[in-house]
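**Q** As a plain string of letters, each chain reads:
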Amino acid sequence: MVRNKLTPPNRMLMQLQLRVAAELRCSMWWATDHSDFSALGPPCLSTILVPAANVGSLYGTFYKTAFQQKEVSEGALDLMSAHPLIDTHVDLPLILRASAHTDIDNRSNPVEAAEQIAGPYPGHVDVPKLRQGKLGGIFMAVRVPCRSGTDYFLPSDDVRDALEQVDQIQLIMEEKEFQYARSSEDNLKAFKAGKFATFIGVEGGHMLGNSLSILCIWAQLGVRYDTLTHTGYNAFASSAGSGDPLDPLYIDGLTKLRLIGTVMIDLSHVSDETMRQSIQISKAHALFFHSAARAWWDHPRNIPDDVLDMIRSEEGKNNGVIHCVFCDKFVGLEDPTLQKVADLIEYIAKNCGRAHVGIGSDFDGIDYSVEGLEDATKYPDLISEMMARGWTDEEIIGLMGGNLMRVLDEVDRVQQRSKDQEPSGAVYDQRTDDNLPGLARGHLEERSNNLTLDIED
Amino acid sequence: MKLHLCALISLLGSIAASQSQKPLETAPSPYVPLHPELEARSREILAKYPLIDTHIDLPATMRTINRRPMDAIPKLNESHPGHFDLPRAKAGGLGGAFFTANASCPGAYGRDVGPDFLDPTETVQHVLESIDLVKNTLAYYPTLMKGARTAQDVRGAFSEGRLAVLMGLEGTHGLANSLSTSRMYAELGVRYMTLTHVCHSSFASSNGGGAGTSGSTIPPAHPGNGLTPWGIELVHELNRLGVMVDLSHTSDNTARDAIKASKAPVVWTHSGARAINNHPRNVPDDILEMIGDGPDKNNGIIPSVLFSTFIDPNNATTARVVDHIEHIAKIVGKNHVGLGSDFNGISLAVEGMEDVSKWPNMIQELLSRGWTEPEIAGIMGGNLLRVMEEVEVVKNDLSNLPPSPEVYYKRTDLPAHEWGGPNMAYLAPDVQNIVVQQRRLRDEL
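Protein chains in written order, with the UniProt record's numbering: chain A, 1 to 457; chain B, 1 to 445.
What the hints contain is simulated information worked out from the structure, not anything from laboratory work.
All residues carry an ideal CB built from backbone N, CA and C; glycine is no exception.
Some hints could be false.
25 Å max Cα-Cα, derived SDA-like pairs, lysine to any residue [said to hold, decoys possible]:
{"hint": "1", "chain 1": "B", "residue 1": "K75", "chain 2": "B", "residue 2": "G147"}
{"hint": "2", "chain 1": "A", "residue 1": "K189", "chain 2": "B", "residue 2": "E187"}
{"hint": "3", "chain 1": "B", "residue 1": "K260", "chain 2": "B", "residue 2": "P229"}
{"hint": "4", "chain 1": "A", "residue 1": "K176", "chain 2": "B", "residue 2": "L398"}
{"hint": "5", "chain 1": "B", "residue 1": "K410", "chain 2": "B", "residue 2": "I434"}
{"hint": "6", "chain 1": "A", "residue 1": "K176", "chain 2": "B", "residue 2": "K146"}
{"hint": "7", "chain 1": "B", "residue 1": "K146", "chain 2": "A", "residue 2": "K189"}
{"hint": "8", "chain 1": "B", "residue 1": "K146", "chain 2": "A", "residue 2": "R417"}
Covered stretches of chain A (chain B as the covering partner; in silico rule of three or more C-beta atoms under 8 Å from a C-beta of chain B) [stated by the list, open to error]:
{"hint": "9", "region": "121-135"}
{"hint": "10", "region": "167-175"}
Please put together the full structure from these sequences, using the hints given.
**A** As structure tokens, then:
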């Protein structure tokens, strides 16, 4: 495999960016990154270096793409034509929202954004790239930054912004290349129709507005999974790096929420304790939609070994799936390459079984993917590599999405069976946003204290 | 007078009882027919045609007195405080109802959105939770209730003997300055949106003076005190979505602007006639003149309201409500009126219509005034269903239009430049480039 001659400047830039990272309460994982963390230089350095590195990386991508096209095996392309590859985590809505596209006022609007990804678009994902990469299905992530740290019950626009992103995704789905999917059946239907099966995931419990009701609403709007935390806290759980246990509200939701089958819980980003509790309490499938293994690369975002041990096809174990991320920071900064991702997949498969792995790139939600998997055109390269390593067709079909669909079917069956269970009425106990207007309460208190009733007539 | 005292005491008693954690008790006033000789006929008519109340604030009541609002659901079929519960609805012959999935104006729970309406609140959470509450209520009573979206659904539910339940959003502050949320709410089943509640929004101006106030209007927030251009965009989007535009609570200019902008019939889900009782919540004659049959008129409807203060503080009776209705009907025609109560959103309903079990009294009053059966069927629900169908036709006519791309021009959070993570670590390099360039442009502007 030919190495990109222009790699070193990219790598240096990356290191520099790491050191120049802004300090936010939200960025706990960032702060515990493997490299030395010290603030060096003013942030404006990146505005000079980014465009320069950009040129380099664009050249590099072109160079490699042109050369490597021949190396992808016919077998891989055939397999991907017959079976859909599902990427379980793509942050396309984030990119669309973060960049303006039209008009003088420089405002981004979701309607025009949805039309524009039909052609080449910045980032790792757009329709031409997806076609070239022979993607079959895609989970688009609804994501809103964690703003409030531990004050997550202060008013914010999180839920409104999340609704806007669901709207964005639905507008994308109105384009002729995409088709909404929520089940394995939908996935196949879209694939046969030649469209990208589009699922919706929500990345972070803060978009639930501290409310189980709102989780139900997401389910009604077609959301199929919720990543319980992003990099911050919320009423339900704590993020990676913290040692906090689950909130009782979440436990109540897990055990009683009738919709737990409809909205799968994604354990990427959550703290170790949250992971363990979730798996033990809910008996639901442990799903990680964009993660890696900590024994493989020591990063708080990655899954610890004892949790990996819980997932396999044995009696008493969890029948979940771990989808491997492409982000260089989680796969291994020493040598972030396609090989490493393949090694990581094999590592997880060795621990849990080949029926428990999948692909969740986190494209468009990361700055750098690994070398060899720079963007959505590169999926066939990965499949090629797995075939070269002796994975059978059946195992690769599982890796490409069969494993997840198996879980999805099971989840849907459970949901059908527990349809008559009562939904949870639990309310987050720290909420103070009463629906009783303060004015009314004051008035009523006055009246009930008043012994002589003043009646107008 | 005595009736008022009883109702007041029972209301206070139930609130006091709930606060002291005793089981909720209600003391509904017993049914007394307004025109006993017409009672049998009124019940006959109620059994034959669906009576659809265009405005009941049930979710708000359930959320107001229950820390865990869903705990109230089982009580709905026994007895629940307020003007509505299922036994009384059945006794009253109610055929269908719009429950409002509303959130209070933010000022009411101590939030200040600021002069541009931009500061964050929990409003969207409240709306979504209310919608979920309605859905769970429907799921709990599958034999007694049925969720409906179209006129056909309503008729279907009625023929099965189930209460047809629809939803409305009371106040565009609940949209949090976004057209995306209007699309999402429409998808979740909201069938009308009241352009304002008692507060202004970025879309429209309110008349302010609702229940509990002295009735004076609030100082304007927008030039012209009507719809903003952004609000006109909303009206067009609602037309495209097939969601009815509700003008109760809006300022007079908002109503005029909305009627001019709307391609579909509009509604007032709970208002009276200002000529009968001079209150800002009632509709003035010149606006009524814009509604009716005829090529230059809007074909909407004006359902009634049952709040004593709006009807007539000195004569708060069912008969007086019908005075309002007849005045309106004289201008717009009897095929452009309807029945709205605002139950659970008001303190005192008029004498004779104290709660949802009293609808026969309304029918008796209409009969006593010589309304014919078809006219009564119309005001009960036929006119509303016709309007719903016309709104559906407009939606189909507009189906080739793309969704509105408009964004509230005062928002500074779009494009979301700050969403790239620490030092833009979530963004691919070429996207970072764009963001950097745009930030530079924005700073220069």
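**Q** Now tell me, hint by hint, if it's right for this structure.
**A** Each hint tested on the structure:
Among the hinted pairs, K75 (chain B) with G147 (chain B) is consistent with the structure: their alpha-carbon atoms are about 19 Å apart, no more than 25 Å. Distance restraint check for K189 (chain A) and E187 (chain B): the Cα-Cα separation of roughly 23 Å lies within the 25 Å cut-off, and the hinted pair is therefore satisfied. With a CA separation close to 13 Å, the supplied pair K260 (chain B) and P229 (chain B) stays within the 25 Å bound. Restraint check for K176 (chain A) and L398 (chain B): satisfied, since their Cα atoms lie roughly 20 Å apart, inside the 25 Å limit.
A distance of roughly 22 Å separates the Cα atoms of K410 (chain B) and I434 (chain B); the hinted pair therefore holds under the 25 Å criterion. Simply put, K176 (chain A) and K146 (chain B) have alpha-carbon atoms about 34 Å apart, too far for the 25 Å limit, and the pair is violated. For the hint linking K146 (chain B) to K189 (chain A), the alpha-carbon distance of about 31 Å lies beyond 25 Å, and the restraint is violated. For the hint pairing K146 (chain B) with R417 (chain A), the CA-to-CA distance comes to about 22 Å; that is within 25 Å, so the pair holds.
Counting residues of the region 121-135 of chain A whose beta carbon lies closer than 8 Å to any beta carbon of chain B gives 3, which meets the minimum of three for the stated coverage. Counting residues of the region 167-175 of chain A whose CB lies closer than 8 Å to any CB of chain B gives 4, which reaches the minimum of 3, so the coverage claim holds.
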